[in-house]
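The listed protein sequences correspond, in order, to chains A and B.
Heads up: the first sequence runs through residues 29 to 190, numbered per our numbering.
Heads up: the second sequence runs through residues 3 to 199, numbered per our numbering.
Read the hints as simulated data drawn from the structure, not as lab findings.
Where hints are given, some of them may not hold.
[Stated by the list, open to error] To give an idea of the interface, some chain B residues facing chain A are shown, with a C-beta separation under 8 Å as derived from the structure:
#, residue
1, HIS42
2, LEU45
3, ARG46
4, TRP66
5, ARG68
6, SER141
7, GLU145
8, GLN160
9, GLU161
10, LEU187
The beta carbon of each residue, even a glycine, is placed where N, CA and C say it ideally should be.
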Amino acid sequence: MSRSNDAHDRARQLIVLAGPEALSQADQTWLTTHVETCASCRAFTENARETIHALRGIPIAAERSLVSTTKMTVRRRALELQRQRERLWMVSISCIAVTLFAALTTAAMWRGFGWLGERTQLASSVWQVAFLVFCLMPALVVGMFLLARETQLSDHTGGYSG
Amino acid sequence: MNATACYFENSMAQESTEIARGLRRRDPDLLDRLIEQYQHRLLRYLMYLTGRRELAEDLFQETWIRVLERGHQFNDKYSFSTWLFAVARNLAIDHMRRKQPASLDGLLNDGEAAFDVPATGQPTAFDMTLQREQNEQISAGMEHLPAEYREALVLRFQEGMSLDEIATVANVPLGTVKSRIYRGLSALEPWLKGSPL
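Excised from the complex, chain B in its bound form (with noise of 0.2 Å):
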């Protein structure tokens, strides 16, 4: 099991060392291969974090512009899903500064349609159905939970990050992602049961 573990470490601490080496030459072929494998996960935590999908594509562009731009600064001691959702928080919070001097709460919209949710296909079956309208439950929950609250969960539950990761994404104290986390996650349930307060 340890022995395992040791692998997946040094084969991972590996991977960081050849894409900081990449980075720092400006690889185009490095760089279309991380945008491929990170496609969804990053426009997924930019989705949630902006809560539109328009600007979390545009967003989605420029974080790997300032990937390619500042690719130097990559430090292969931590994973490379770490600092790129790093690099993608700042700009979504350089954004909203634009707009407004806000935190992330400003990131929280005003009875926008978000999450468009697409489709999962025909159900065929109960439990289809039934997970979408879970789905279109949580999704609608998350809709209304603080825009760090929503990251929060987003990086633990969708992107399996460990806390002190999720604390170094969000630039904040281990404890403060935690009870986000918490936090986050209990004001969800009543949306699941379908009663949000």
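Okay, chain A solo, but in the shape it has when bound (with noise of 0.2 Å):
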């Protein structure tokens, strides 16, 4: 009984997986020996075969609204990302050029402290303070306007209290 229940079971377990991939050549024949020879299965092949029509045959469709509006999207966004994506390649060309032009002029700038180092007869960690100085000097000027800005800004809104 429980054997003619797990063949029962098997047999429709194939029918509903059937297709060209699903079933090996020994399921399909064991499976078309059954079916012949079983009422209930071929009953329940039909209905399979009934109810698998009936849900191809529903029909949904996109508007043409939708995909017109998804395309503009799309192109909106691929336009947005190319933008972005120059001017990641315009920053990273402009790094890479400070980059290089620092380390050529760093170069030539110590040589050239050196230099008058040696011609005034300074004490070389002078000359070096100096340099550092001079290295250092745009990112302090900088600095000390933005910290002025800053302040200055504090001042005007210091006495709202929000």
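Two chains, two frames, a set of hints: combine them into the complex.
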């Protein structure tokens, strides 16, 4: 009895999964033989076929407006991404250029300060500190400028207690 | 026969390679073509997955944006549709997680009007009417199935995917796919006969 039920279960699973890649030749042969001799599995096959047919027949279509909106959105996003990439490219190129330029000028400036220190007979520590200050000067000036601006802004808004 | 199968396999592999190349370039013309090609299939899949047309349409757009952004991740060893449906599925799950931490089961909506099957035109013959009735019954049945069963049925019988492809899309073992198809189809049968349990 249980063996017979197992056969039906197996047959039904094979019926449902039937497809070119799903069943081996042996399974296909076994199923054909079983269905020929089993009325309930034949009925199940018919029902499954009808269900699958009905399932395939359900019409769901995307509206034209959805498709055109999607295309537009995708194109807009593609443009954004392209611009982002171009900006990133520009920033990368600038960084590389600045790094190369800084490396070259630092070496030249170091030699220049050395030469000047020698000419003016300064202690090497003095011209080295001068070189360091010179290198840090732009950053110091910008930092001081930003600090001053920040202080000025906080002075303007200092009375506001929101 | 083998030569024909080989020809189709080669042309599909070539198509996948071309798509992968275009996606890496973020070629907008290619994306337009893909949107046209997969519009109905993707929307149908998302509708069955989410059970709601509005949500499916939102996810439809998000899916194509994601395809644009992550196109370089597409592996041309797989078919584009498999990857596309996997992307759509992940977005649907992300959406549900944002709403409430849940699995795909959470996509099963409660009592909302779903699967608004459009009219198929004026029935002019008995079989047209019968077909429409069957469609409506099956649509109603699908509404009551767990989302993972709906997904398996749609991918298998509407998209014609192989069991392996479905396993890839749904990210589950092959055995799970088989059992979902079997259980889903068995659960739909009473609806087709007009006597749901």
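Results of checking the hints against the structure:
The beta carbon of B/HIS42 is positioned within 8 Å of a beta carbon in chain A (closest approach about 5 Å), and the interface hint is therefore held. A distance limit of 8 Å between C-beta atoms decides the matter here; for B/LEU45 the minimum to chain A is near 4 Å, and the interface restraint holds. Hint on B/ARG46 holds. Least Cβ distance to chain A is approximately 4 Å, under the 8 Å limit. Hint on B/TRP66 holds. Least Cβ distance to chain A is approximately 5 Å, under the 8 Å limit.
With a least beta-carbon distance of about 10 Å to chain A, the hint placing B/ARG68 at the interface is violated under the 8 Å criterion. At its closest, the beta carbon of B/SER141 sits 6 Å from a beta carbon of chain A; the interface hint therefore holds under the 8 Å criterion. For the restraint placing B/GLU145 at the interface with chain A, the shortest Cβ-Cβ distance is roughly 12 Å, beyond the 8 Å limit, so the hint is violated. Restraint check, B/GLN160 versus chain A: the minimum CB separation of about 6 Å is within 8 Å; hint holds.
The criterion of a C-beta within 8 Å of any C-beta in chain A is not met by B/GLU161, whose closest approach is roughly 10 Å, and the hint is violated. Checking B/LEU187 against chain A by beta carbon gives a least distance of about 5 Å; that is within 8 Å, so the hint holds.
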